[in-house]
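Chemist: What follows is the residue order along each chain.
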Amino acid sequence: MSLLKLSGVEVGYGRNTIVDNVTFALNEGEIGCLLGPSGCGKTTLLRAIAGFEPVSAGRIELGDQLVSSPAQQLPPEKRGVGMVFQDFALFPHLTVFENVAFGIRNQPSDEQRKRVNQLLAHVGLAGYGPRYPHQLSGGQQQRIALARALAPKPRLLLLDEPFSSLDAELRESLATEVRNLLKEEGITALLVTHDQQEAFALADRAGVMYHGRLLQWDTPYGLYHEPKHHLVADFIGVGVLMHGQITDDLKVQTALGLLVGDDVPRGTEGEAVDVLIRPDDIVIDDSAERRARIIARGFRGSHFLYTAELGDGSHVLCMASSHHEYAVGQDVGLRLNLDHLVLFPAGYCDT
Amino acid sequence: MVNAIRNTLTNARKGFWATWQQLSLPIVALIICLPLIVVGVSFFIGLAGEEQRATLAHLFDNVIGEYVRHSVALMVGVGLLVLVMGVTAAWLTTACEFPGVKWLRWALLLPLAMPAYITAYTYSGMLSFEGPVQSGLRAITGWQLGDYYFPEIRSLTGAILVMGFVLFPYVYLITRAAFIEQSRAAIEAGRTLGLGPWASFYRVALPMARPAIATGVTLALMETLADYGTVHFYGVTTFTTGIFRTWYGMADKVGALQLASLLLSAVVILMVVERISRKQSRYHHAGRAQQGSRPMRLKGFKAFIAFTACFLPVLFGFLLPALQLLVWSYDRLDTWLDPNFWTLIGNSLTLAALAAFITVIFALWLCYGKRVAGKRTIAGNGATIAKITRGSVAFASLGYAIPGVVIAVGVLVPLTWLDHRIIGFSESVFGVNPGLIFSGTIIALLFAYLVRFLSISIQTVDSGLSQISNAMDESGRILGLKSREVLTRIHFPLLRTSLLTAGILVFVDVLKELPATLVLRPFNFNTLAVRAYEMAGDERLADAGPSALMIVLAGLIPVILLSRAMNRRQQQEARALDPRPGEIYEPVKA
Numbered sequence: 001m002s003l004l005k006l007s008g009v010e011v012g013y014g015r016n017t018i019v020d021n022v023t024f025a026l027n028e029g030e031i032g033c034l035l036g037p038s039g040c041g042k043t044t045l046l047r048a049i050a051g052f053e054p055v056s057a058g059r060i061e062l063g064d065q066l067v068s069s070p071a072q073q074l075p076p077e078k079r080g081v082g083m084v085f086q087d088f089a090l091f092p093h094l095t096v097f098e099n100v101a102f103g104i105r106n107q108p109s110d111e112q113r114k115r116v117n118q119l120l121a122h123v124g125l126a127g128y129g130p131r132y133p134h135q136l137s138g139g140q141q142q143r144i145a146l147a148r149a150l151a152p153k154p155r156l157l158l159l160d161e162p163f164s165s166l167d168a169e170l171r172e173s174l175a176t177e178v179r180n181l182l183k184e185e186g187i188t189a190l191l192v193t194h195d196q197q198e199a200f201a202l203a204d205r206a207g208v209m210y211h212g213r214l215l216q217w218d219t220p221y222g223l224y225h226e227p228k229h230h231l232v233a234d235f236i237g238v239g240v241l242m243h244g245q246i247t248d249d250l251k252v253q254t255a256l257g258l259l260v261g262d263d264v265p266r267g268t269e270g271e272a273v274d275v276l277i278r279p280d281d282i283v284i285d286d287s288a289e290r291r292a293r294i295i296a297r298g299f300r301g302s303h304f305l306y307t308a309e310l311g312d313g314s315h316v317l318c319m320a321s322s323h324h325e326y327a328v329g330q331d332v333g334l335r336l337n338l339d340h341l342v343l344f345p346a347g348y349c350d351t
Numbered sequence: 001m002v003n004a005i006r007n008t009l010t011n012a013r014k015g016f017w018a019t020w021q022q023l024s025l026p027i028v029a030l031i032i033c034l035p036l037i038v039v040g041v042s043f044f045i046g047l048a049g050e051e052q053r054a055t056l057a058h059l060f061d062n063v064i065g066e067y068v069r070h071s072v073a074l075m076v077g078v079g080l081l082v083l084v085m086g087v088t089a090a091w092l093t094t095a096c097e098f099p100g101v102k103w104l105r106w107a108l109l110l111p112l113a114m115p116a117y118i119t120a121y122t123y124s125g126m127l128s129f130e131g132p133v134q135s136g137l138r139a140i141t142g143w144q145l146g147d148y149y150f151p152e153i154r155s156l157t158g159a160i161l162v163m164g165f166v167l168f169p170y171v172y173l174i175t176r177a178a179f180i181e182q183s184r185a186a187i188e189a190g191r192t193l194g195l196g197p198w199a200s201f202y203r204v205a206l207p208m209a210r211p212a213i214a215t216g217v218t219l220a221l222m223e224t225l226a227d228y229g230t231v232h233f234y235g236v237t238t239f240t241t242g243i244f245r246t247w248y249g250m251a252d253k254v255g256a257l258q259l260a261s262l263l264l265s266a267v268v269i270l271m272v273v274e275r276i277s278r279k280q281s282r283y284h285h286a287g288r289a290q291q292g293s294r295p296m297r298l299k300g301f302k303a304f305i306a307f308t309a310c311f312l313p314v315l316f317g318f319l320l321p322a323l324q325l326l327v328w329s330y331d332r333l334d335t336w337l338d339p340n341f342w343t344l345i346g347n348s349l350t351l352a353a354l355a356a357f358i359t360v361i362f363a364l365w366l367c368y369g370k371r372v373a374g375k376r377t378i379a380g381n382g383a384t385i386a387k388i389t390r391g392s393v394a395f396a397s398l399g400y401a402i403p404g405v406v407i408a409v410g411v412l413v414p415l416t417w418l419d420h421r422i423i424g425f426s427e428s429v430f431g432v433n434p435g436l437i438f439s440g441t442i443i444a445l446l447f448a449y450l451v452r453f454l455s456i457s458i459q460t461v462d463s464g465l466s467q468i469s470n471a472m473d474e475s476g477r478i479l480g481l482k483s484r485e486v487l488t489r490i491h492f493p494l495l496r497t498s499l500l501t502a503g504i505l506v507f508v509d510v511l512k513e514l515p516a517t518l519v520l521r522p523f524n525f526n527t528l529a530v531r532a533y534e535m536a537g538d539e540r541l542a543d544a545g546p547s548a549l550m551i552v553l554a555g556l557i558p559v560i561l562l563s564r565a566m567n568r569r570q571q572q573e574a575r576a577l578d579p580r581p582g583e584i585y586e587p588v589k590a
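Protein chains in written order, with this note's numbering: chain A, 1 to 351; chain B, 1 to 590.
Keep in mind the hints are simulated off the structure, nothing from the lab.
Just so it is clear, the structure is predicted and the values come from calculations on it, not from any experiment.
We put the CB at the ideal spot given by N, CA and C, even for glycine.
Fair warning: there could be bad hints in the mix.
As the list claims (entries may be wrong) - Below, a list of computed lysine to aspartate or glutamate pairs in the DMTMM-like style, where the Cα atoms sit at most 25 angstroms apart:
{"#": "1", "chain 1": "B", "residue 1": "K279", "chain 2": "A", "residue 2": "E98"}
{"#": "2", "chain 1": "B", "residue 1": "K299", "chain 2": "A", "residue 2": "E77"}
{"#": "3", "chain 1": "B", "residue 1": "K253", "chain 2": "B", "residue 2": "E50"}
{"#": "4", "chain 1": "B", "residue 1": "K253", "chain 2": "B", "residue 2": "D462"}
{"#": "5", "chain 1": "B", "residue 1": "K302", "chain 2": "A", "residue 2": "E77"}
{"#": "6", "chain 1": "A", "residue 1": "K183", "chain 2": "A", "residue 2": "D218"}
Claimed, not checked - So the derived list for chain B, only partly shown, Cβ under 10 angstroms to chain A, looks like this:
{"#": "7", "residue": "I37"}
{"#": "8", "residue": "G40"}
{"#": "9", "residue": "A185"}
{"#": "10", "residue": "I187"}
{"#": "11", "residue": "A189"}
{"#": "12", "residue": "R191"}
{"#": "13", "residue": "L193"}
{"#": "14", "residue": "G194"}
{"#": "15", "residue": "G196"}
{"#": "16", "residue": "P197"}
{"#": "17", "residue": "P207"}
{"#": "18", "residue": "R210"}
{"#": "19", "residue": "P211"}
Based on the sequences and whatever the hints tell you, model everything.
Modeler: So, in structure tokens, the structure goes:
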């Protein structure tokens, strides 16, 4: 059963619509993620769910309760929603213990103590209760912010770019840790980020937002391998769009040659399309007939990312293990390793 | 070979200059602290001799109890008033939106333009028997003298009210800045944890602003302790009036010094409180304040209450006193044609300009010394030097908290001693009496102003200098500037505004300053502040009008500067809150 349901949600300041007709649902116990470049409206949407922004159209439901509609808006403190803020927003004048206990201050004090200690142990900071936030590192503050949001057992936990102020190494380990914690506690959570690695590490379902619209709401796997919109393809992973033409036998003719896939819909014969080619769809193989020239390369540690120019001047990206080094200008052979085709209506090609 | 020698010489010369500059800092700091040291030490000297001990015992037996009682009452009263008015106004103008709030945001700074003693004169005029309030009352009711009770403004309560209305902007300004800097997220975190809008003010915003509030209140209390003009005029005996009475009335220098040292120790306690709260407030920033919170829109009765709560302090703290000054100045239009009055203005302006110039030069010297020492620490050596330099700058900044009377006494004692040595020497060697070179001229005054106001310009110059990163210096050098050119082509253009601001702030403060000027001015040398004081003292309040008005007009300049700085911040906030159209939303080409 879906715990969070948004239908046709619109948020706007004055003439500007910041969130435009967003519809999605999140099931109980699932972790959802809103992805998108900065300024796409994802944080505003999160704040609307928390109750900080009024909606100008549509409805937000939590469980079976209508919490936001243009006509009525439940104040944030009545929603039973927890939130972890981008800069943690720990109360600097309270100790770690008091911060975590803040949301359960009306409970008897021994229950407070029990819950706080349990949570502190859970986030690996048992014994940090008497310290003040400024005495903690960024990662520790992050965990305390999480513990504070979890203490009142919220129905839904919202996380606004929760790892963005941490350094890359910490970000990855903490993301996994947080996922385990949320799953253990059985928390339904919605996360906002611009970092797809974070989304992949955490989310059961994710959506890509662009200019206020939710373009696709899917599993992370689905977003990567079956993008429904060229902007989703563009935002998730790397790759290029190539001109293509659907042939009469439902294959696609491109500069890379004839591509065969099982998902070209009938009745589209002869249409011009854009084909998404990811670097992992192409293997450099010197024995292959299809020739291309390396025009750029980027070292990525475990592999190289090469840009290759095909005969007609169009470019593709391909990866090769860093044991196989090719020089810029070198002629190589390309072998295709496509298992399905991702096609969009023509017109968005980079080349 | 020649090159090598030249290099060594240049390096040696550079090292010499840098070292000399840094060595000079503790010396400068020591000179500036000299009056404080004199006053501080005098207490102990006072214990040395039989006679001095007797003086001290006499003071304790007769007057100190009263001074302490009055000072404590003043501090409690003023402290409560500024706390309530300042915090209320700061919160309402930050978190709420109601008709007139834009105007009130800067109007609440206006009382800063009024020196407390001038406000005291105006209220005394307004509320006296012949004043407009009582006359009006009599005209309406037909009462005569003695028929009715009217509270006496020239009292302890009156002094508390006057100083409360003049000093609350300190709390307002600092607390409001703290409210603005609080990240919206902290308040919102409170909301998601179950707090309503008002509860989130009491439980989150207010406690987070506590250090700032404490800082504001302590600053107001320091001013309260330093005040001489108000309490003197309203007949409230405190340490400052006591020092004057002992010094002039009883010609008892030792007693005056001892009283000054007692007052100094009270101020030192306040300074410690202020330092601690400033230190705490560093930790009280929950994250970055990247976006301001959306103000609550108040309507109807609530808006009226909010407006009144913010307007009354402006009315009583600025509008009414300013109106009274205008009326007096209009009554005494002939004063404006009096050449003596213009001499007075000339004296005041000259003194203020000289003090501003000297103070800014000293501030530059100290701040650059600190910057250079800081750079050296990065290079790995000279950590001790850096510490000494920082300490020197901190010591040189102590004067802001010290009452003008205390500084005056502390300046006069060593300078008189020095003058008498010079006279003795000169008479024995040249047979000429050069007179009181330091203590009898405006040099003593300028020295006192330097001690009192150096911290204002140090703060301003330092914050200006901190905008110029070391990387800017270095990119200048990489782009081919000599180190002197870095100063002229990068630093000076960037610092110009800060230097000007520092100068203006000192300039205006000197114009307003009363007690130190009273003590130290050369014989027959008058300023606007002294004239206002003398006229008011002779019960010629209306004659004090024109001089007081000039001081208030000058006092408006820093208020305008402050409100412009506040506006700039507000605009940045607004920009952060309202996304630019187009950047956020463009119709998707689907």
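Chemist: Of all the hints numbered above, which does this structure not satisfy? Sort the numbers upward.
Modeler: 4, 7, 8
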